[in-house]
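There are 2 protein chains.
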Amino acid sequence: MGASVAAALRRRGLTSSIVGYDRDRGVCARAVELGLVDEAAPGPAQAVRGADLVVLAAPVGAMPELLKAIVAQLEPGALVTDLGSTKSDVMAAARDALGPAFARFVAAHPIAGSERSGPDGADPDLFEDCTVVITAARETSAGALARVEALWRSCGARIARMEAGDHDRLLASVSHLPHVLAFALVAQIAGEPDAQRKLSFAGPGFRDFTRIAASSPVMWLDIVLANRAALGQELRALIAMLQRIDRALEAGDVRWLQQMLELASRTRRSIDGDRHEQ
Amino acid sequence: MGASVAAALRRRGLTSSIVGYDRDRGVCARAVELGLVDEAAPGPAQAVRGADLVVLAAPVGAMPELLKAIVAQLEPGALVTDLGSTKSDVMAAARDALGPAFARFVAAHPIAGSERSGPDGADPDLFEDCTVVITAARETSAGALARVEALWRSCGARIARMEAGDHDRLLASVSHLPHVLAFALVAQIAGEPDAQRKLSFAGPGFRDFTRIAASSPVMWLDIVLANRAALGQELRALIAMLQRIDRALEAGDVRWLQQMLELASRTRRSIDGDRHEQ
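So the sequences go chain by chain: A and B.
Under the working numbering, the first residue of the first sequence is numbered 35, with each subsequent residue one higher.
Under the working numbering, the first residue of the second sequence is numbered 35, with each subsequent residue one higher.
Looking at chain A on its own, in the form it has when it is part of the complex:
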């Protein structure tokens, strides 16, 4: 997603030059080749030197080390922001690592996804009509906040401000839990002796449902661990719902099942124009 941020800022003329850094040198080289960044730095400290905006696009578990690696080289007045899917942990790491510069750290989470990743998946329009959650702290400078929000708006995004803990509970419900369910279902099938045969009968519904299970396990290990308290709560509530369904199936409780299916179908149809035959 870092590549898409670079592409979006560049396309809108919001930056004069972009320096990129990735632990994978191949990714750096490709980003330069594609013109997404003007140059690749050999390390995070070198990448932030001279920058007035630093965008951290790393798995959330890598943030503490990354923040420590850049703090000494940050320009006075440089804005720092991130794209992490969890916010309480990233803000705690930033508060811890950045010292007074934490006032210019603006935690952000663009709720955007893409089927492609890496520099070749960069999409300058990825943030058009997407929601970017901004979780400010007491210490966050109003000026830093306004400038980062303006950048996102320039890329076509809507801003939603909320507390970090509120963000994490919300996302546990509508993002982290669905990912865990998709990973769990695929892992479950993969562990069975006839997995290949079963998967060969997977239809379009299965493909839609499990698409998010193809997501990066590295990134998602970090997310589920970082947000395990809120995620665990959502997970246990869902387990209780599934146990209720199991009992209703066994008891032939048609009325309850019907109400549950109707509520779900009506609710899902309400969130957009999607319809599905089967």
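The set of hints was computed from the structure by calculation and includes no laboratory data.
Since this is a predicted model, take the numbers as computed values, not measurements.
Any given hint might turn out to be false.
If you want the footprint, here are the derived chain B segments under chain A, 3+ residues with CB under 8 Å [stated by the list, open to error]:
hint	stretch
1	103-113
2	138-147
3	252-266
Computed from the model, here is a short list of chain A residues facing chain B with C-beta under 10 Å [said to hold, decoys possible]:
hint	residue
4	ALA85
5	ALA218
6	ALA263
7	GLU268
8	LEU295
Residues from chain B that keep clear of chain A, each with C-beta distances beyond 10 Å, as calculated [as the list claims (entries may be wrong)]:
hint	residue
9	GLY60
10	ALA74
11	SER188
For every residue, glycine included, the Cβ atom is placed at its ideal position computed from N, Cα and C.
Following the hints, complete the assembly by docking chain B onto the known chain A.
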């Protein structure tokens, strides 16, 4: 899906005339208007009179009544087939209702889906490259089987023959369980006081994951009830997997979580070229 069968047969010149019937008169009128059927019959018995092929495209729970309604009017030698998502129950109903004509009943399940339903969603190419499961009984005539399979192949489908019970266990795993999970998640969120706010933060991953929850609750009530034994087994296995994940989150069992996520991601990536950034 009945409309897509009509469109597919017509497009390939496999039929001289098509008579349609639906309980909803508006659907009948629209199917005639679109030229999907040549005429609409006032009832199921009238619809099958003179037909050499009868395609039953109704929710599986409606099959027993429907079969009883048509049996007296079936032409000698008429083939009967269905499109139901469960097979043991439909075959039992057909065996029960059709008497000797059961030899010409060929149970079929095209594993195809579409985001659109009804006559306006008819797609003559829906079955291109799709798998059609055929579950024959001991009594099924070899000639009837060959003719129905040839029709599906003409529409671009691959045939997979298996036992009805085997089909139902397989589909419980790769279709019915994912649908139940998607319905359950959406019903769970819908039942919470801040449902609208939560849904307003749903990203593309949530939309993909829950698309199947917009499916017809009528059709899915029938499916989950018809296949409740096999579905219940899959559901309880998945609940055990989710409980294992919950324990791993609580215990911080990083290694197990990592292996589970990697297995799921690798497996999901293997079934097609899909990739997803987050």
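Evaluated hints:
1. 103-113: violated (count 0)
2. 138-147: holds (count 3)
3. 252-266: Result for this restraint: holds, n = 8.
4. ALA85: ALA85 (chain A) check fails; min Cβ-Cβ to chain B is 24 Å, beyond 10 Å.
5. ALA218: holds, 5 Å
6. ALA263: Because about 9 Å separates ALA263 (chain A) from the closest Cβ in chain B, which is inside the 10 Å limit, the hint holds.
7. GLU268: holds, 8 Å
8. LEU295: With Cβ-Cβ at 4 Å, under 10 Å, it holds.
9. GLY60: holds, 17 Å
10. ALA74: holds, 20 Å
11. SER188: Nearest chain A Cβ is 21 Å from SER188 (chain B), so the label holds.
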